[in-house]
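Working from the sequences, and respecting the hints, build out all of it.
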Amino acid sequence: MEFRSFLIKYAEIGTKGKNRYLFEDALIKQIKRALKEVEGHFVITKESGRIYVDAEGDYDYDEALDALKRVFGIVWICPMVQFEDRDYENIKKQIVAYMDQVYPDKHLTFKVNARRGDKSYPHMSEEINRDMGEVILNAFPETKVDVHHPDVMLHIEVRKKVNVYSLMIPGAGGMPVGTNGKAMLLLSGGIDSPVAGWMIAKRGVKIDAVYFHAPPYTSERAKQKVVDLAKLVARYSGPIALHVVNFTDIQLYIYEKCPHEELTIIMRRYMMRIAERIATETGCIGLITGESIGQVASQTMQSLLCTNEVCTLPVYRPLIGFDKQEIVDISEKIDTYETSVLPYEDCCTIFVAKHPVTKPSLDRIKRSERNLQEKIDEMVEEAIQTKETIWCD
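Going by our numbering, the sequence shown opens with residue 0, and the numbers climb by one from there.
Think of the hints as simulated: they come from the structure by calculation, not from any bench.
It is possible that part of the hints are untrue.
Unchecked claim - With a cut-off of at most 25 Å between alpha-carbon atoms, the simulated SDA-like pairs for lysine to any residue come out as follows:
#1 45 with 158
#2 159 with 82
#3 230 with 327
#4 31 with 202
#5 323 with 304
As the list claims (entries may be wrong) - Derived CB-CB ranges, DEER-like:
#6 108 with 238: 45 to 51 Å
#7 58 with 14: 29 to 35 Å
#8 125 with 92: 18 to 24 Å
#9 92 with 58: 25 to 31 Å
#10 361 with 381: 43 to 49 Å
#11 340 with 42: 39 to 45 Å
Here a beta-carbon is modelled for each residue, glycine too, at the ideal position from N, C-alpha and C.
Now the structure itself:
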């Protein structure tokens, strides 16, 4: 069967009370954005807790489904048949035709689940369940009814039109992007930060990103890798403004003036300072990192304390309690893993000390940073003013 319509189901949006329409409208906006890249023309409408996507003319079913699977806020995607003629005998004919086309092998169990959204319709839900089950059994004697664990759950919704569907394809879940503010992701070329950005975007947060580039110690291929990662995350989150900051001079200055075992922490603190400045200037109200407790020296509890101390904006770390394999599993699910493991170094790995401090003292770190007072503020300002912004979509 060629499906021309999709019923879009959401979950959390339904709990938003009088503000629900705002979330529905945001979800529709994201659906339209996702389907722009799909061959065909689509009309999106909503009706009393239902969102419909209708294809007009030829379209690519698989591409449309893949696009809808990447829209945060969608819990289920239901390819459906929709028709206007609510005559009871016509519904029976449509149900038989649906079962015949969608399920060539009739050796299956089924259950009919009817919902009478229009209470003026003369046939009650239980009556529809009984009568439609009867016509299926008569048309296809090899089928059987199983009300507990059916192979096919056939949904019939009687509204202004009649919706018939049985396929329920999982969506991305979460909340529509743009309904929960905007935050700045510190994006590196590793596995963790793209996953962190994806997870926060899933909660409805619009994300931008900042990447710290260190030429000539990091190559243009390393930069392109990060751009590619931003584009992969943007398939879910919508367009990302990627701010590329030249961090070379700052890193070299820290390397020259500060104890080498503290390099990673001090560099990280200046990355957070710069990211927060850019975040504030671009309307972000939080920072996002891919840190996980104890994964590396800069992510121990003591190190995170030192990193956090320079920030006034909240820092969101969605991976904080994940182990590496859990993060890898998500990166594979969202198709960022293969790009993340390409062998191009980012600026964090070039200046790593042989024996980095794992339990840094905040007071000692601050004392070490006094060695930078002569030039560091000027260098930070120059790095911010000369940043390059790349739009990734």
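Evaluation of the provided hints:
For the hint pairing residue 45 with residue 158, the CA-to-CA distance comes to about 13 Å; that is within 25 Å, so the pair holds. Using a Cα cut-off of 25 Å, the hinted pair residue 159 and residue 82 holds, with the two alpha carbons roughly 9 Å apart. A hinted pair counts as satisfied when its Cα atoms are at most 25 Å apart, and residue 230 with residue 327 qualifies at roughly 18 Å. Taken as a hint, the residue 31 and residue 202 pair is honoured in the structure, with Cα atoms around 19 Å apart against an allowance of 25 Å.
This hinted pair checks out: residue 323 and residue 304 have alpha carbons roughly 21 Å apart, not beyond 25 Å. Distance hint for residue 108 and residue 238: a CB-CB separation of about 46 Å, consistent with the stated range 45 to 51 Å. Here the CB-CB span from residue 58 to residue 14 is close to 32 Å, well matched to the stated 29 to 35 Å. Take residue 125 and residue 92: their Cβ atoms lie about 21 Å apart, and the range 18 to 24 Å holds.
At roughly 26 Å, the beta carbons of residue 92 and residue 58 sit within the given window of 25 to 31 Å. Judged by the Cβ atoms, the range 43 to 49 Å given for residue 361 and residue 381 is violated: they are separated by roughly 27 Å. Judged by the Cβ atoms, the range 39 to 45 Å given for residue 340 and residue 42 holds: they are separated by roughly 41 Å.
Hint violations for this structure: number 10 only, all remaining hints satisfied.
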